[in-house]
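Engineer: Here the protein sequences line up with chains A and B, keeping their order. Mapped onto this note's numbering, the consecutive letters of the first sequence carry residue numbers 11 to 190. Mapped onto this note's numbering, the consecutive letters of the second sequence carry residue numbers -1 to 144.
These aren't lab readings, by the way, just hints derived from the structure by calculation. All residues carry an ideal CB built from backbone N, CA and C; glycine is no exception.
Here are some chain B residues pointing at chain A (derived, C-beta under 7 Å):
no. : residue
1   : ASP54
2   : LEU56
3   : TYR68
4   : ALA69
5   : SER72
6   : PHE73
7   : GLU76
8   : ILE77
The lines below spell out each chain.
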Amino acid sequence: MKLVYKKFIFVIFLLISSTCAVSAFALSIEILDKYTNVLAGDSVYFKMNVEYPENLEQKDLTLEYKMFDEQGNLIARIDSLRDIEAQLSVFNSMVIPRGSKPGLYTITIEIKDGENSIGKASASFNVVNEEVNWSIVVLGVAFLLSIIYFGFLLRDFWRRLLIGFKVRRIVRGRFEEKKD
Amino acid sequence: MQPRIVGAIRSLGGVGIYVSLNKNQKRMKKLLDERKIDVKKIFFIDCVSSGKVEEDVLQISPTQLNDLSYAVNSFMKEILGEKFLIIDALSVLLIYNNENQVAGFVRNITEYASKNDVEVVAFSAKTKGEELLNKIFSFFDEVKGK
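Make the full structure from the sequences, and use the hints.
Structural biologist: Spelled out as structure tokens, the structure:
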């Protein structure tokens, strides 16, 4: 009776483990620290890790990179084909479209074997406004003001120079006429 | 005032610098010509005309007293020998400048003229700018028709 009971438990266990087979496939994406806050038009760099131990031979898999805005709209997409064996770790980038508004954006990677999706992973980053470099603005204004100031100084100097030149021309011209 | 201006020019010797504030240079030249004044002896600074003037006429705005002063001094410097300066009419400058500015201009001119031995004759309408005239009387050796 005990033996029958033990065999029964074993069969049940075998059944459960065969129906609940867990895949060892793992996919992750990580936005590099420097690119967690980026400007529209710039590129965002990320690291992608794939662990696929069941895959014992090289296989062509489709990698779909998609970028979504806060509202879930697809704004950029890259599809590529990669040879993947058991493991892959790669750096990649996507360009944030110019004109993208500041906010939270998401990059999603989906790996497909033909039409079948094997795995999906996402990571988020922020698009920020360009910071105004106030020191350059102040320097620019100071430079402009000094140009205007020196312009006024030079204007008076230039006017006098012209007057002196005209007077000389008139007087010398008249005296030359007299000689003739 | 015109007969007095003509009389003054006739009495002065040498080459003249005429600052015309009342009439433009063409009219003044014609007037002097009619009175048989040798206009070739006179250099005109026209402060009245707004358009183009003759090539041998210097055009200065009556609002630019610094430029006018510089122009007069330049003429005095360039003309060698005996020379004189006529300003017709000082009170017109009050339309464009305040009294102190005009007084400063006159002082500047008379100082330079005195250093360079230039006779200065300035005309002004008696009824205008009396306060100005009181300020500038001391810059001149003689004041007629006070």
